[in-house]
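Protein chains in written order, with this note's numbering: chain A, 38 to 371; chain B, 38 to 371; chain C, 38 to 371; chain D, 38 to 371; chain E, 38 to 371; chain F, 38 to 371.
To be clear, the hints were calculated from the coordinates, so they are not data collected in a lab.
Check the hints yourself; a few may be wrong.
Since the list gives no way to pick out one identical chain from another, each pair is judged satisfied if it fits inside one copy or across any two copies.
In silico lysine-lysine, DSS-like type, Cα no more than 25 Å apart, as pairs [stated by the list, open to error]: (1) K104 to K260; (2) K40 to K104; (3) K150 to K207; (4) K186 to K370.
Protein chains: 6
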Amino acid sequence: MGKVVTFGEVIMRLSPLGNKKFQQSEQLEYFFGGTEMNVAASLANFGMEVKQVSNVSNDLVGDAALKKMRQYGIDVSAINVVDHPMGLYFLEVGSSIRSSRIAYNRSHGAFSKITPNVVDWNAVLDNCELLHWTGISPGISEGAYETLKEGLIAAKERGIEVTADPAYRKNLWNYGKEGKEILAELVSYSTVFIGGVNEINEILGEDFSNDQRGFEDACIKLKATCPSITKIFDKIRSGGNASWQSVYGRAWVNDEYVETSKIEITHVVDRIGTGDAFAAGLIYGLKHFDDHKALRFANAACAMKHTIPGDVNLVSVDEVLEIEQGNLTGRIKR
Amino acid sequence: MGKVVTFGEVIMRLSPLGNKKFQQSEQLEYFFGGTEMNVAASLANFGMEVKQVSNVSNDLVGDAALKKMRQYGIDVSAINVVDHPMGLYFLEVGSSIRSSRIAYNRSHGAFSKITPNVVDWNAVLDNCELLHWTGISPGISEGAYETLKEGLIAAKERGIEVTADPAYRKNLWNYGKEGKEILAELVSYSTVFIGGVNEINEILGEDFSNDQRGFEDACIKLKATCPSITKIFDKIRSGGNASWQSVYGRAWVNDEYVETSKIEITHVVDRIGTGDAFAAGLIYGLKHFDDHKALRFANAACAMKHTIPGDVNLVSVDEVLEIEQGNLTGRIKR
Amino acid sequence: MGKVVTFGEVIMRLSPLGNKKFQQSEQLEYFFGGTEMNVAASLANFGMEVKQVSNVSNDLVGDAALKKMRQYGIDVSAINVVDHPMGLYFLEVGSSIRSSRIAYNRSHGAFSKITPNVVDWNAVLDNCELLHWTGISPGISEGAYETLKEGLIAAKERGIEVTADPAYRKNLWNYGKEGKEILAELVSYSTVFIGGVNEINEILGEDFSNDQRGFEDACIKLKATCPSITKIFDKIRSGGNASWQSVYGRAWVNDEYVETSKIEITHVVDRIGTGDAFAAGLIYGLKHFDDHKALRFANAACAMKHTIPGDVNLVSVDEVLEIEQGNLTGRIKR
Amino acid sequence: MGKVVTFGEVIMRLSPLGNKKFQQSEQLEYFFGGTEMNVAASLANFGMEVKQVSNVSNDLVGDAALKKMRQYGIDVSAINVVDHPMGLYFLEVGSSIRSSRIAYNRSHGAFSKITPNVVDWNAVLDNCELLHWTGISPGISEGAYETLKEGLIAAKERGIEVTADPAYRKNLWNYGKEGKEILAELVSYSTVFIGGVNEINEILGEDFSNDQRGFEDACIKLKATCPSITKIFDKIRSGGNASWQSVYGRAWVNDEYVETSKIEITHVVDRIGTGDAFAAGLIYGLKHFDDHKALRFANAACAMKHTIPGDVNLVSVDEVLEIEQGNLTGRIKR
Amino acid sequence: MGKVVTFGEVIMRLSPLGNKKFQQSEQLEYFFGGTEMNVAASLANFGMEVKQVSNVSNDLVGDAALKKMRQYGIDVSAINVVDHPMGLYFLEVGSSIRSSRIAYNRSHGAFSKITPNVVDWNAVLDNCELLHWTGISPGISEGAYETLKEGLIAAKERGIEVTADPAYRKNLWNYGKEGKEILAELVSYSTVFIGGVNEINEILGEDFSNDQRGFEDACIKLKATCPSITKIFDKIRSGGNASWQSVYGRAWVNDEYVETSKIEITHVVDRIGTGDAFAAGLIYGLKHFDDHKALRFANAACAMKHTIPGDVNLVSVDEVLEIEQGNLTGRIKR
Amino acid sequence: MGKVVTFGEVIMRLSPLGNKKFQQSEQLEYFFGGTEMNVAASLANFGMEVKQVSNVSNDLVGDAALKKMRQYGIDVSAINVVDHPMGLYFLEVGSSIRSSRIAYNRSHGAFSKITPNVVDWNAVLDNCELLHWTGISPGISEGAYETLKEGLIAAKERGIEVTADPAYRKNLWNYGKEGKEILAELVSYSTVFIGGVNEINEILGEDFSNDQRGFEDACIKLKATCPSITKIFDKIRSGGNASWQSVYGRAWVNDEYVETSKIEITHVVDRIGTGDAFAAGLIYGLKHFDDHKALRFANAACAMKHTIPGDVNLVSVDEVLEIEQGNLTGRIKR
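Based on the sequences and whatever the hints tell you, model everything.
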């Protein structure tokens, strides 16, 4: 099987311990993450070959980031080391009715300085089977957008599958481009869409409802507008609070609606990266199972991530399959 | 707007980490608290001007206490530094069916040595709009009782609003006075009563039931007995266990019963200081909103405190308002 | 009252902090445990006299183990110090749908080297009222099996009560004996059986169902096969996940079925040792209450252990009685 | 060999981590100590039988204190549990030129409430070979003084050896007695004096110099004044700072001056309890070696304590002997 | 006495624990510092009135920074809250022969965005007796340079004393100005120069030697070039390594050379901020003592800072005076 | 440049925090090490290609070990995963005069089960330039000895350089072979000898003195006995204690004696792995510098390791070169 390529920022997360407010904590726990690296790390952990394209800083932080990616099993040979600090964010972790709060320091980070001329997409896409991108990267800087676009064009030329997770974040996109239009453009180079009614509405400027009917209509419209898209997968959170989530997946594949059963996570350990865990589960699933099982695997992976500290879904294929098959009792494995 | 004045002990809390028993823990986490200081800190955090009247020790602990109060934004110019150690308590934090357990070491603490002659109430109450006291302080020592009483009389003379939270704790009151009588006396100098049927029964020696009817009757009786009291606000916990609480507020204002909806905290982080958070929310609310919204704000503040480690409700007015308006989903704020 | 004697391995547990995966944690928290030592420690904590028979290593770990047992109040005079390392295991602590995972390193540990000739059962059983064993010990090594058997025979001769908790673990029993047969043999020297349908089915090679009827039939069969057994006590977990458990107890005493009400632990702190807490609660109960109350006390002790970090149920008799009497609200004890 | 009895306060120490100032630290590390308990724990760790006479609190702190003493191997059957909190102190740990600073909270602690009527000295001194006391205990309260005096008289009657470490601390002795006089009185019941020129000068109101000649003269004078004293042992610190100490011992035995060579501790880990380690080393030495070797053993034990965190000298006889024999290289023991 | 005003960045420091490399540490310890804020905090800790002029971020980090400054006792009313993240740096702490290593992320931080129009120097300098600046601030951005320059001009007009610590750091000064010329310009508005031969050589483009003669010549030249400078104070490190420092101070006052004795710090706890501790000690000294004692006080303060974790010299005037008077034994203060 | 191959155990180290005794610590810090893996990791960190041959366990610990090696940059494709637990040891870290103490649990570990048939030396040695082994591996088990011997023969056939660090540890070698003879045999397949007079005496059964003359004679004898050995490199510790070391290197190359100057590490952070750091420095040096500089580089690398926590020398070539060139001041690198 060929490798997966991911493109995106490696970002550092710094959190007070437990549920402390930042002002209460002498110490911060840190993790390296970033939506696409989370996908890459999860895929590597599932045993797939993955290469990430990114920039890291030429200092002790960038050095640690590279080593951490190596630990995850990600091929780092396409990472550039540049003279800008790593992007980072501070996270205060909420609980039940209290929201987590984030303060970003990423807009001048190493990744924001990436430009098309430093990535040799020809070499990177060699023996690549799937390219994964998200809407975060093109929102960070014009260089990131252009680098990604070049990669997508190169992937399209080679007939490489492209998974798009075009999450729109309005507090990005500060460099003068209109986010929604660019996301629509980039989706048009992609083959699998990871997202739901909100994302489709934003990209297409529509107003579909979030029920099954609205989802189906939105999918039909998306496929009509971006004909390269063949499948659409979405994860849904229902109810709950910061410590109690329930998730299920739905999809539009073969012009048909499917959905999974709901998985309840009664005691959330870490909510960051659960969407990335869904994307990684999906990519693994698409390569190993049929579409329906891929969706269930993705949802199970997403559910499991809620129980793992940090940004990366450090669970094995077997652990996910057990959840996918409905064993939710969490009994001790001796 | 004038300032709020609080009178009470600054007490140190020492807890084993997590849910460990004291004997299991090499380390203790510590916080400065004390019911009135918790109110003061929360009000300062909401942006109000607050001055606390208290004693701290003339050693490294007292020094740290003063600095922590300064960090919270409390005016410490009326704090005396005395040659007695700080009061403190040890807290083993329970979980679900296991109760938290407390061991006090406060009866010879710095605050217990306070006497009327060291507090210049004239100066303290200058530009003061509201004086807050609780039933803990007069229970600690005769000096504390007399100092408080002098302050209440001075407040009454100046027409300053006085909020009373006369929680009766039977393991205090070891200096020879009868707690219930003294509390009744001190309530008679106050204008807002924070408490419910239990407190009224204790102070008045009555036996009202804890349902709505009993609450109404108790309020009517209290106002008849202590005519200075104009409003009565109470918080109610229903069911749950050490890790799962649900709270709502009720009040008797304008001779009318009102109550809030219930807020469920499914994963309690810290239960200490939730009553103080209610009181602070109420005081803030009374100064900024109508009585009904004040009650809802107080209940929302109380609920939020369950998610914050330590004794003090380190949440902003905006965070409380979001809960007050019913958004309990705890979504990440980026 | 005479003392209780326990026989079994003292094993070290090493866990990443919180819910971290092993690979995420720089530090490991450690506890000494072992199913029979957990029973011993809990009984000592309840105020009973207890002596453990075991081996520990002649190094810094064994020294710490001895001191920790002494701290628990266990009489360690029958512990041998040998030139083999302590058995140990690594535990990754799961959450909600994620299972905890264990990796053992015990098969060449100090306890596995125990042999009959190093235990003077005559002396050990002097003034002993009850001997407790579990199915773990004979599964570890032939020497452990033979040592235990000798003890059971000696106990039988003296008319000492023997509680058997013959949990069968198939990943033990690597020294060539057939576990199920040996357990049946050892049970035949015992007077109280702690276990349920699964254990009885395994030992007797039966296939009773797990409902009340199946339990009753299994008990009747067990008593017929092992006539020394007079009472059978079982704990049941129903539903839930790694963070949310509910437990109740049932028993067959005086040829009658009894069961307790269910206790819900909505936020599990530590699930290891909950069965041992049941056994210790039962032993204490049998010595201090009637059989029905003993069962309720055992179930309450088991429930409480879910809230205590580590392997040992560090709660007092009073705390258990409060749960046994149905007070599950977890209110703060000041 | 008979047992050693110690009399004194069990006190809790709370320190910020590392060299942090109290105001910088979220957490405090705690240890149980107390000069006499440190001696007791060290002796138990050396394998001697020791019983401590003291009071602890009837709360979760006192319970932990008892269990910790049991872990150390101290016989706690003569400890009373009383309704007063444990004494405690806060310690900011200095470094090199920065002094450690202490804030005490002990004057109303459990031990200060001890009175002669709760100690059955007859029973306590049964099979006792040596009673150890220090000048801290009689300085804490009149009750402590009287209880100790009763014990000393009882010891004298039985011809039990009594080691006196009459360190004079002027910030104790707040209950109206003149410390120096009382210490002189209590020394007159003792047989071995642990202390030097400063202590002798204070007790006798003399002004001997601190050089060898002064020490000899002071010893001669002390023996003349308190004829029960047969031997005098002293430890000397020379130069250094909070992180770098050098220690040696000197003694007046058989009317002869002896001294040990100096041991340099270039990296002090914890300086608290080093005097107690000297006393314990001396007591062990007096029972196992000749007086000269006892002095060297005491000095080596004192030196080793500087490398052990906490109040208690958790080193073995073998480790001390290695230092006593001059092996100071600290090579790894595999 | 009037207040001291400081101008400069508040910067966050993030360090692995102990001497770990960044890649080894799951957690980072953080402190707020910044050379001028360190001076301000130290002065406030000495009891002086201090106001800092700066920018902080409008997020949870900036909020914590403000509260921490308030804890230190710094007047924060002249701090602006802006929509840019806080500057920060990562510090790996070396030991003996291993250097500490720093990675900065400050060039787009909140302070770098400061501009003259947001600081009302008239108001800030009201009742100000001394303005302190360092060479870091003008190196960060043109806006910072211009804002500072405006302040210096305003101070000069009012005859306010100005202490200059013009440390030149060549990895700053990226905005197009020539650092050395600007520093010379800014020194010409100042009255006290904190620095030595290196700084004078850099600013004046000279090549004086670092011995006493060179220092004297450099001072004479500096005063000739910048006649507003009346006094020059310098601290010298001699020999040592990352864990062992020795420091002394020298000065040129009244056209006379003075120097202090050397203080040895054999076990360095934290070397960051020792220069700032010297500056703060000097400012305090100049306001309370004669110039010679001020120099000794500054050197003692600098020495003490080596023993305090974090950026700020949290020692009292009394502690510094004890060192200044030559008591370097670090004995425990009970 | 071709790669380096190392053969040896990956072992887990578990230490109490700081200088605590094991019995004092709730938590243990862990590292993966093992003498040959330490060499491999250091070489990878210097930028060389390295492959380790070893066994790890098929559980969560082995999985973490593999990932940690990957993080270090070691090629793990020749590591076998087997059904035996990882070897491990407990380390109490001493200080100054206190020795560190180790308790091993390795004799049944995964590596001890290695046998020649699971290592394809042909493939492993492909493109290999240097094979490194130590005397630990053949001491662990007969299988390890035979596997190593097979590799050494294969290396010799290919003319690959072989570095031997034949440290003799008498508490290994429990499987019936005579360690000294086997080491002599294995050295005879090697080309570079890392060791000194002690090692040569042990292997050859000689009694050379440890001075320069003895070293020279020992080297001459070794080369005569094992003619494949071309160069001999040794590191010497002189004086000091557990916290203060001084090291220098000496060698016999081209029939000539050379030695380096001494490097003083006044504050040792971690002494484990310093010999391995010397070996790695030497191997790097031999491949990049002349023999004399290689020796200096090795000694500098060894010195630097004393300042790094854990088993692995996580310093860069530049950092070592700076020490090699005599800059020992440890100044901050900004």
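Verification of the hints:
Taking the closest pair of Cα atoms, K104 and K260 never come within 25 Å of each other, the shortest separation being 40 Å inside a single copy and 41 Å across copies. Within a single copy, K40 and K104 get their C-alpha atoms as close as 20 Å, and across copies as close as 20 Å, so both meet the 25 Å cut-off. In this homomeric assembly, K150 and K207 come within 25 Å of each other (Cα to Cα) both inside a single copy, at 20 Å, and across copies, at 23 Å. In this homomeric assembly, K186 and K370 never come within 25 Å of each other (Cα to Cα): the closest approach is 46 Å inside a single copy and 29 Å across copies.
Hints 1, 4, counting from the list given before, are not met by this structure.
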